[in-house]
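Residue numbers (my numbering), protein chains in the order written: chain C, 143 to 474; chain W, 14 to 176; chain X, 42 to 189; chain Y, 14 to 388.
Derived by calculation from the structure, the hints in this document are not laboratory data. One or more hints might be untrue.
[Unchecked claim] Taking lysine-lysine and the DSS-like style, the derived pairs with C-alpha atoms no more than 25 angstroms apart in a straight line are:
#1 C:217 with X:45
#2 X:110 with C:269
#3 W:96 with W:82
#4 C:255 with C:269
#5 C:389 with X:45
#6 W:155 with Y:301
#7 X:163 with W:82
#8 C:389 with C:217
#9 X:163 with X:110
#10 Y:188 with Y:301
#11 X:45 with W:106
#12 Y:193 with Y:17
#13 Y:288 with Y:198
#14 Y:198 with W:30
#15 C:217 with C:255
#16 C:283 with X:110
The residues making up each chain are set out below.
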Amino acid sequence: MFETTVINSIIALIITVVVCFLISTLLPGIERKYVHARIQQRIGPPVTSPGIMAPIKFLFKENIEPSSPVPGLYKALPVICFFVVLSILIAITPYAFAIPALSSLVAIVGLLKVEEICYVLMGSLSKSIMSVRMPFPDRVKGAAHLNTTRSFIEDISAKRSLRMITYGSFPLYLALFAPVTAARSIFLNDIVSYQQAHGPFLFTVAGGIAAIVFFIGYMIILNEYPFSIIKAKCDVIEGPYMEYASKYRSIVFITRGFLMFTLGVLFSVLFIGIPPTVFSPTILLNIVVVLIFVLMMGIFSAFTPVFTNRQLLPTILASTLLGILAIVLGLL
Amino acid sequence: MKSMLQVALEGAFTNFKRIFFAADRVTDMDLRNQIATLSVEVDDRVDESACIGCAGCANVCPTNAIEMKPLANPTKITDDWVKDQVPEINLEKCIVCYYCHDFCPIYSLYGQKGTIHPSCVGDQEVNIDELMTQPFKISEDKLKVISTYLSDKTVLKNSEDGE
Amino acid sequence: MGIKSFSRARAIHIMLVYTGGCNGCDIEIVNTVLSPRFDAEQYKVFLTWNPREADVLVVTGPVTHLNRKPLEAIYEAIPDPKLVVAAGSCALMGGVYKNIHGDIPSEEIEGPVENIIPVAAKVPGCAVRPQDVLAGVVSLLPTLLDAD
Amino acid sequence: MEEKVPRSNIIETEIPLGTVHPAALEPYRVRLFVEDEIVQEAEITIGVNHRGIERIMEGLPVEKANSLTEKICGICSNSHIWNSCRTAEMGLGIEIPERALYIRVIMGELERLHSHFLYLAHGCETVAHETFSMRVFYLREIVMELLAMIGGNRVQYGCSVLGGVRPRCDLDEAKLQRLKEDMDKLEAGLTDFAQRFMADSILISRVTGVGALPAKQAIRLAVTGPSLRATGVARDLRTTMFEYDDFDFNVITQPDGDVKSNLLMRALESFESIKIIRQAIANIPEGKVVNRDWEMFDTDINESYIEVPRGTLYHSYALESGRVRHCIIRTPSMANIGAMQYACIGDHVTDAQLCIVQCDPCFTCTDRAIEIIRR
Ligand code: SF4
Ligand code: SF4
Ligand code: SF4
Ligand code: SF4
Ligand code: SF4
Ligand code: SF4
Ligand code: SF4
Numbered sequence: 143m144f145e146t147t148v149i150n151s152i153i154a155l156i157i158t159v160v161v162c163f164l165i166s167t168l169l170p171g172i173e174r175k176y177v178h179a180r181i182q183q184r185i186g187p188p189v190t191s192p193g194i195m196a197p198i199k200f201l202f203k204e205n206i207e208p209s210s211p212v213p214g215l216y217k218a219l220p221v222i223c224f225f226v227v228l229s230i231l232i233a234i235t236p237y238a239f240a241i242p243a244l245s246s247l248v249a250i251v252g253l254l255k256v257e258e259i260c261y262v263l264m265g266s267l268s269k270s271i272m273s274v275r276m277p278f279p280d281r282v283k284g285a286a287h288l289n290t291t292r293s294f295i296e297d298i299s300a301k302r303s304l305r306m307i308t309y310g311s312f313p314l315y316l317a318l319f320a321p322v323t324a325a326r327s328i329f330l331n332d333i334v335s336y337q338q339a340h341g342p343f344l345f346t347v348a349g350g351i352a353a354i355v356f357f358i359g360y361m362i363i364l365n366e367y368p369f370s371i372i373k374a375k376c377d378v379i380e381g382p383y384m385e386y387a388s389k390y391r392s393i394v395f396i397t398r399g400f401l402m403f404t405l406g407v408l409f410s411v412l413f414i415g416i417p418p419t420v421f422s423p424t425i426l427l428n429i430v431v432v433l434i435f436v437l438m439m440g441i442f443s444a445f446t447p448v449f450t451n452r453q454l455l456p457t458i459l460a461s462t463l464l465g466i467l468a469i470v471l472g473l474l
Numbered sequence: 014m015k016s017m018l019q020v021a022l023e024g025a026f027t028n029f030k031r032i033f034f035a036a037d038r039v040t041d042m043d044l045r046n047q048i049a050t051l052s053v054e055v056d057d058r059v060d061e062s063a064c065i066g067c068a069g070c071a072n073v074c075p076t077n078a079i080e081m082k083p084l085a086n087p088t089k090i091t092d093d094w095v096k097d098q099v100p101e102i103n104l105e106k107c108i109v110c111y112y113c114h115d116f117c118p119i120y121s122l123y124g125q126k127g128t129i130h131p132s133c134v135g136d137q138e139v140n141i142d143e144l145m146t147q148p149f150k151i152s153e154d155k156l157k158v159i160s161t162y163l164s165d166k167t168v169l170k171n172s173e174d175g176e
Numbered sequence: 042m043g044i045k046s047f048s049r050a051r052a053i054h055i056m057l058v059y060t061g062g063c064n065g066c067d068i069e070i071v072n073t074v075l076s077p078r079f080d081a082e083q084y085k086v087f088l089t090w091n092p093r094e095a096d097v098l099v100v101t102g103p104v105t106h107l108n109r110k111p112l113e114a115i116y117e118a119i120p121d122p123k124l125v126v127a128a129g130s131c132a133l134m135g136g137v138y139k140n141i142h143g144d145i146p147s148e149e150i151e152g153p154v155e156n157i158i159p160v161a162a163k164v165p166g167c168a169v170r171p172q173d174v175l176a177g178v179v180s181l182l183p184t185l186l187d188a189d
Numbered sequence: 014m015e016e017k018v019p020r021s022n023i024i025e026t027e028i029p030l031g032t033v034h035p036a037a038l039e040p041y042r043v044r045l046f047v048e049d050e051i052v053q054e055a056e057i058t059i060g061v062n063h064r065g066i067e068r069i070m071e072g073l074p075v076e077k078a079n080s081l082t083e084k085i086c087g088i089c090s091n092s093h094i095w096n097s098c099r100t101a102e103m104g105l106g107i108e109i110p111e112r113a114l115y116i117r118v119i120m121g122e123l124e125r126l127h128s129h130f131l132y133l134a135h136g137c138e139t140v141a142h143e144t145f146s147m148r149v150f151y152l153r154e155i156v157m158e159l160l161a162m163i164g165g166n167r168v169q170y171g172c173s174v175l176g177g178v179r180p181r182c183d184l185d186e187a188k189l190q191r192l193k194e195d196m197d198k199l200e201a202g203l204t205d206f207a208q209r210f211m212a213d214s215i216l217i218s219r220v221t222g223v224g225a226l227p228a229k230q231a232i233r234l235a236v237t238g239p240s241l242r243a244t245g246v247a248r249d250l251r252t253t254m255f256e257y258d259d260f261d262f263n264v265i266t267q268p269d270g271d272v273k274s275n276l277l278m279r280a281l282e283s284f285e286s287i288k289i290i291r292q293a294i295a296n297i298p299e300g301k302v303v304n305r306d307w308e309m310f311d312t313d314i315n316e317s318y319i320e321v322p323r324g325t326l327y328h329s330y331a332l333e334s335g336r337v338r339h340c341i342i343r344t345p346s347m348a349n350i351g352a353m354q355y356a357c358i359g360d361h362v363t364d365a366q367l368c369i370v371q372c373d374p375c376f377t378c379t380d381r382a383i384e385i386i387r388r
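Just chain C, with the same shape it has in the complex (with noise of 0.2 angstroms):
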């Protein structure tokens, strides 16, 4: 009996995993053309290209080292953040319940963690052509500072990842927290059930200054504009990714799509008290979920330059407020 139960559950699992992961390739395109492309008044590309097409491309191109130090390890890295997004969404499902240790806010924020340190890593490895290693004689007789160190523009971008994860990813932690004190648990098990006993903790005030800022820390963490400053155009152009190629581009691409929606989901579970199961209706709710991040997401950055140190820090620190706010109104 209780085997049975275990094996099904996997297989419901297995099930919900593989549906919300295609869901989700959908996501940048959805963002690109229906938000962006839609906003800037064009056409915009199909749904399909950025999200699934863009990495099956990446999957037959061909497989070149990337210039690293420590290539096995940079190569090594979108894998384990694709497999971090992967155990977040495990632990969210009502399946996943059963098992304390995962299914706790401490398990997702440490799985959060894991993902931000992922990027510093990232970042420090990466020694592309575009910086220092461009060919080009600029150290020469007459020039200023001959002997300066030099750095990557990778390498300023793990900079400021480490500075995201010291106070970046503040926000969304708060935003984590708050359902607690609502349901007085970590555990996701008894935070969806208090709220399907009493209702919805979005539609509280402390619910609904936590939704607020946890939107703020979903753009933070997605590194969308305007928060993008790890990898901003205008100075390190994708920061940490720069080196990935073929196989491991395409595993980034497509993390990000599942990151998007598994966040979205989280919201759900932690806000709303849905988990997601595809054998329940239910799932669509979290999917309008979903779809409602991923739009909000887009025309927020549609309508934000890219946002420095100047701005970052007090739109940071108000979010961290709001949070603690939200945290107090919530254990009053």
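Following the hints, put chains W, X and Y with the ligands in place on chain C, whose structure we already have.
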């Protein structure tokens, strides 16, 4: 902050329409069709009706981008000149230096719209018969230069290399 | 059509390298990508600035001396299959800088681009018209699809 | 603010950018010396674009040399050929028909419009505001189509020749009408954009105070053109050019010399250009567009200065049996490089390219003026 809110409210409606109904699209659909069928329009480079077929443009072209293609039915322009060829520019060789345009007698002698242009000759209203009867001022040495250009393809090259 | 060519036809990443022309071609190409009137993305053409991501390298300009090595290095960095589009008469012929001169020719021009890296398609014009660039990149598709 | 000084003289690391970089578009190398992501010093290396145009011009017949100057740059192309013709015309005392002067002014102002729009679009793109950048590019398209209508080409129009303009660029009634209608369209579009831009407090706060260039410093660095006017110095060569005698326009200035002032400066100046074009359409005289009635003789060095979209352009050469001798061209970006390096000081690395962009750099013209000694 207040202005920002105002912009956001005003923009909300417009952008709602844009996102959900693809309103105000400005992409050029004609061009889209042309590119999809790989039939992008090209501009006319030579006004074949006004050209007198003197081949001067082909001779001055520094990259030999101009080839004179023979006409099926030559036309008589004056008593001693029959137009039997018109120029054709090979775009892959043309460097858009305007030498041909500047040499063309319709432009350089009569000061009219030249009959050849490396990008687009535009709409012409040049009447050659009228032009040919018009007097024009041209100095002796310039005439010499022109006649050498017309007779020899290598003149420009040599004079550039210091004669 | 296999999945390989199917996906290739739906995502083409182009990278732009500008090797010392006059800015004219360069800006027309940026115009192609950024102007909603031309909107390169509708033809599944995406602009990238990372050679590792690129499929098609669009080169403009006559390749001046100092640009030769960067151009070669960037071409090297692109994973196969890769194709080069030379855009503008500078890239095709060395432009006026190589072909027209008074007493002394310019020694700076290493171009045309063909002399340095293999060119798959040529887009003439000075400057190139945006529609020609798009048509050039789109016409490359068959070659790109068949490559392994 | 009198003068900007680096926050400290510690240089932690050097970040080289270029020669291929998305924010730069043009090939040049910039080395940023930073401490804690703040630029302490910047060094721009040009010469990457060097094609030696002045040298290849020497010995060419002057008409040919003029059309070569157009290829110095694809943005101010018309300005170059205009000024180059003007140089010879002044030396040879060639009289230019009034109508040709008007057409030159129209072309000049259209070019100013497209250059300023390009600046706005590039500025927005550099702060990663893709949407605004696209909107400006769309407006710019109107100007590009007009330029193509007049010159037959979207870039490199080959408009001016010795003695006037090419008859190809003559404006008939239909063209004037279209010009007039498009100016209305452009003005409406630009007004919309400018209002939207100024109301966008996020974007404004993003660009305010970045890349500040105090007026005093700007004068010391010999900055020219809109970049100088954006620091509050009202200096516009158009007020002294005889071509503009008949036209009524204002010299726009902005107070701060930062990116915001520069962007607004370009937008406001575009309105003045539209005004000038409208006056030209209304008053364009009848007559021929090219005067071929002049004699060639040897001259000493002739010089001519004009105001081009990005500053002051200087051409000078002597004529010897119809050929160019001793050509020197000094372009606006040449003068503004100092300002670019200076503007970066004290700003964040992400803003460094923006600070360079704010001085409207284009190195294609500049690169012809630097002598490269290669051993
Ligand atoms: S413009 Fe082209 S066709 Fe004409 S002379 Fe120059 S290179 Fe030859
Ligand atoms: S120079 Fe002019 S008239 Fe003579 S062949 Fe060429 S286009 Fe025709
Ligand atoms: S082809 Fe013409 S427009 Fe293009 S870079 Fe060369 S000179 Fe400039
Ligand atoms: S500056 Fe010197 S190298 Fe450059 S074009 Fe002039 S003469 Fe030639
Ligand atoms: S040409 Fe010489 S003197 Fe004139 S501005 Fe340049 S550096 Fe100074
Ligand atoms: S400053 Fe120079 S490169 Fe820039 S647009 Fe003007 S002429 Fe061209
Ligand atoms: S002449 Fe000497 S000091 Fe002057 S720019 Fe050249 S190297 Fe420098």
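Status of each hint after checking the structure:
no.: 1; hint: C:217 with X:45; result: holds, 23 angstroms
no.: 2; hint: X:110 with C:269; result: holds, 18 angstroms
no.: 3; hint: W:96 with W:82; result: holds, 11 angstroms
no.: 4; hint: C:255 with C:269; result: holds, 24 angstroms
no.: 5; hint: C:389 with X:45; result: holds, 13 angstroms
no.: 6; hint: W:155 with Y:301; result: holds, 22 angstroms
no.: 7; hint: X:163 with W:82; result: holds, 24 angstroms
no.: 8; hint: C:389 with C:217; result: holds, 9 angstroms
no.: 9; hint: X:163 with X:110; result: holds, 21 angstroms
no.: 10; hint: Y:188 with Y:301; result: holds, 16 angstroms
no.: 11; hint: X:45 with W:106; result: violated, 36 angstroms
no.: 12; hint: Y:193 with Y:17; result: violated, 45 angstroms
no.: 13; hint: Y:288 with Y:198; result: holds, 13 angstroms
no.: 14; hint: Y:198 with W:30; result: holds, 22 angstroms
no.: 15; hint: C:217 with C:255; result: holds, 19 angstroms
no.: 16; hint: C:283 with X:110; result: holds, 20 angstroms
Hint compliance for this structure: hints 11, 12 are not met, and every other hint is.
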